[in-house]
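Chain A is fixed; fit chain B onto it per the hints.
Chains as they are written, first to last, in the working numbering: chain A, 1 to 272; chain B, 1001 to 1272.
FYI, nobody ran anything at the bench for these hints, they're computed from the structure. Values in this document were obtained by computation on a predicted structure and should not be read as measured data. In this text, a Cβ means the ideal position worked out from N, Cα and C, and glycines have one as well. A hint or two may mislead.
[As the list claims (entries may be wrong)] Over 10 Å on every C-beta distance to chain B, these chain A residues come out as not near it, computed from the model:
id, residue
1, Arg9
2, His65
3, His92
4, Ser129
5, Leu156
6, Ala165
7, Gln201
8, Lys202
9, Leu210
10, Glu220
11, Arg224
12, Asp227
13, Leu241
14, Thr245
15, Asp246
16, Ser253
[Unchecked claim] Now the stretches of chain B that chain A is said to cover, found in silico as 3 or more residues with beta-carbon under 8 Å:
id, stretch
17, 1043-1050
18, 1100-1114
19, 1168-1181
[Stated by the list, open to error] For the chain A half of the interface with chain B, some residues (derived, Cβ under 7 Å), not all of them:
id, residue
20, Ala43
21, Arg44
22, Lys50
23, Ser51
24, Ala149
25, Leu152
26, Glu159
27, His163
28, Met169
29, Ile170
30, Glu247
31, Arg250
Protein chains: 2
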Amino acid sequence: MTLPTSDARPIGIFDSGVGGLTVLRTLARRFPQESFIYLGDTARVPYGTKSPRTVERYTLQVADHLQRHGVKGVVAACNTASALGLGALRAHQPKLPVQGVIVPGCRSALNVTQTGRVGVIGTRATISSGAYRTTLNLLNPTIEVSDIACPLFVPLAEEGWTHHAATEMIVRETLTPLLDSDIDTLILGCTHYPVLKEVIQKVMGEGVMLVDSAEAVADELEQRLSDTILPNHSGAERTILYLVTDEAARFASVARRFLEEIPLEQVEMVDL
Amino acid sequence: MTLPTSDARPIGIFDSGVGGLTVLRTLARRFPQESFIYLGDTARVPYGTKSPRTVERYTLQVADHLQRHGVKGVVAACNTASALGLGALRAHQPKLPVQGVIVPGCRSALNVTQTGRVGVIGTRATISSGAYRTTLNLLNPTIEVSDIACPLFVPLAEEGWTHHAATEMIVRETLTPLLDSDIDTLILGCTHYPVLKEVIQKVMGEGVMLVDSAEAVADELEQRLSDTILPNHSGAERTILYLVTDEAARFASVARRFLEEIPLEQVEMVDL
Chain A
1 MTLPTSDARP IGIFDSGVGG LTVLRTLARR FPQESFIYLG DTARVPYGTK
51 SPRTVERYTL QVADHLQRHG VKGVVAACNT ASALGLGALR AHQPKLPVQG
101 VIVPGCRSAL NVTQTGRVGV IGTRATISSG AYRTTLNLLN PTIEVSDIAC
151 PLFVPLAEEG WTHHAATEMI VRETLTPLLD SDIDTLILGC THYPVLKEVI
201 QKVMGEGVML VDSAEAVADE LEQRLSDTIL PNHSGAERTI LYLVTDEAAR
251 FASVARRFLE EIPLEQVEMV DL
Chain B
1001 MTLPTSDARP IGIFDSGVGG LTVLRTLARR FPQESFIYLG DTARVPYGTK
1051 SPRTVERYTL QVADHLQRHG VKGVVAACNT ASALGLGALR AHQPKLPVQG
1101 VIVPGCRSAL NVTQTGRVGV IGTRATISSG AYRTTLNLLN PTIEVSDIAC
1151 PLFVPLAEEG WTHHAATEMI VRETLTPLLD SDIDTLILGC THYPVLKEVI
1201 QKVMGEGVML VDSAEAVADE LEQRLSDTIL PNHSGAERTI LYLVTDEAAR
1251 FASVARRFLE EIPLEQVEMV DL
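Bound-form chain A, shown alone (with noise of 0.2 Å):
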């Protein structure tokens, strides 16, 4: 009896609206080969704003649909999510592969500071869970962390207030702590962020090194799809598919912009 060494299943991928996409960009690029089914819970978005009872129950219920779906491995492409949901989903569905991003941008983080002083940004949510000083602290115990909340980087993002003076304000006067506390690295614990990227650095100066989680991820998954997932060596088309809680028609206008030349053909509403 030889072992199955490919499996043509696709890999799932989550987020909270459309700030995963960036993720799947990511990942898509990376393996040509894979299969993967994006599902955006767009009608509840955001999740960074609410209970972390509240985000367990819609990750168990995402990662379900996922499931049903027939997906080898989930990757929780929210941050919120991955702080809050993936223990509960971990006990919920034990042989699912589960990945969240906030491992790999701590592993990120930690390859690229030199001074050993680190800066966490997210969701109200994300950074009252602690999971990125509790993550970091766990992977080197001298690391120091400052951690900040900024619940309006998300409606300044969404809205393309990217390039504004007021954005700016806004921008300096949240991460003014950060400024104080000498970092030289900031991980950019939001999906949301990338877009805001150049007015934090501006902020922050130039001697800051900002992590986006994104490509950690993929080398994290790479590692996966050689260890507890099987690849894809089917030879067949990979497909992509979309589900969202809210209107297809919407989501597909603003996830053009964040996919790039990854197609966007199939997009489906599914109600959770």
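Chain B in isolation, oriented as in the chain A frame:
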């Protein structure tokens, strides 16, 4: 046989979050003999960024839940739900007296305007629906309506950036088209906006009257209570029950600020 003249059942009020508490406060003061059930759909807030179909679905779920609690009528204290959900709700539950905030707000504005040029601000969903524009023109076809969506006002209000230079900058830039339209009355078409009243007034100038619909809703309900709904003359002490879809403790801490002297005793979490 004598007809009943009193109905001790509570009146249901709902909003996507805490904003509708300003309506509850006004109604609770004006009708001290009436019991209320407030339902804040705090897990799925905001409604104003969602599609018509999703807002409609949420409105029906919320009203069904209130009806299971035995309400004698429902007030939609959410402008987005009033704009997009009430048609479906009336079709779904034709016997349930239902009142929105849009008609009362429009009546109020028409009483105030001298020039017949009225502005409306609201969420993207409310403005896109055209509900204010249609209602104003039904009530008075000669009225000139200028409306504009203000998607950043809700997060600014929720995060407490009510007196900040960045907020004034965003309010000014968003409202610029209204400044050019020479209105004398502006409807605050979202229950969150009254907390930004000062900066909106500053930007619009003293010549523009701001209309907040909470008082107008109370006038309309007074009419209803002598008309389709029976008032409560039982003499029993009234109760106010609060239902939320996200964490009750978090709601309670914010709600106290909105409710002023109105008591907040029973808060229960429900799953819709």
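Legend entry - Assertion that A/Ser253 lies outside the chain B interface [Cβ separation over 10 Å]: Fine: 12 Å to the nearest Cβ keeps A/Ser253 off the interface.
Inset, instruction - Go through the hint on A/Glu159 and say holds or violated, using the shortest Cβ distance to chain B against 7 Å. - result: Holds. Min distance 5 Å.
Inset, instruction - Please verify that hint: A/His163, Cβ, nearest Cβ of chain B, below 7 Å or not. - result: Violated: closest Cβ of chain B sits about 13 Å from A/His163, beyond 7 Å.
Inset, instruction - Determine whether the non-interface label on A/Arg9 survives the test: each CB of chain B must be over 10 Å from its CB. - result: 30 Å, holds
Legend entry - A/Arg250 as an interface hint toward chain B, with CB separation required under 7 Å: 6 Å, holds
Inset, instruction - Tell me if chain A covers the stretch 1100-1114 of chain B under the three-residue, 8 Å CB rule, please? - result: violated (count 0)
Inset, instruction - Say whether it holds or is violated: A/Gln201 keeps its Cβ farther than 10 Å from all Cβ of chain B. - result: 19 Å, holds
Inset, instruction - Quick one: work out the minimum CB distance from A/His65 to chain B and report holds if it exceeds 10 Å, violated otherwise. - result: The claim holds: A/His65 sits with its nearest Cβ about 17 Å from chain B, beyond 10 Å.
Legend entry - Beyond 10 Å from every chain B Cβ - status for A/Thr245: 8 Å, violated
Legend entry - Status of the hint placing A/Glu247 at chain B (closest C-beta pair under 7 Å): At about 4 Å, which falls below the 7 Å cut-off, the nearest Cβ of chain B leaves the hint on A/Glu247 intact, so it holds.
Legend entry - Outside-interface status for A/Ser129 - nearest CB in chain B farther than 10 Å: 14 Å, holds
Inset, instruction - Over 10 Å to the closest beta carbon of chain B is the bar; see if A/Arg224 clears it. - result: 32 Å, holds
When the structure is compared with the earlier hints, violations turn up for hints 5, 6, 14, 15, 18, 24 and 27 and for no others.
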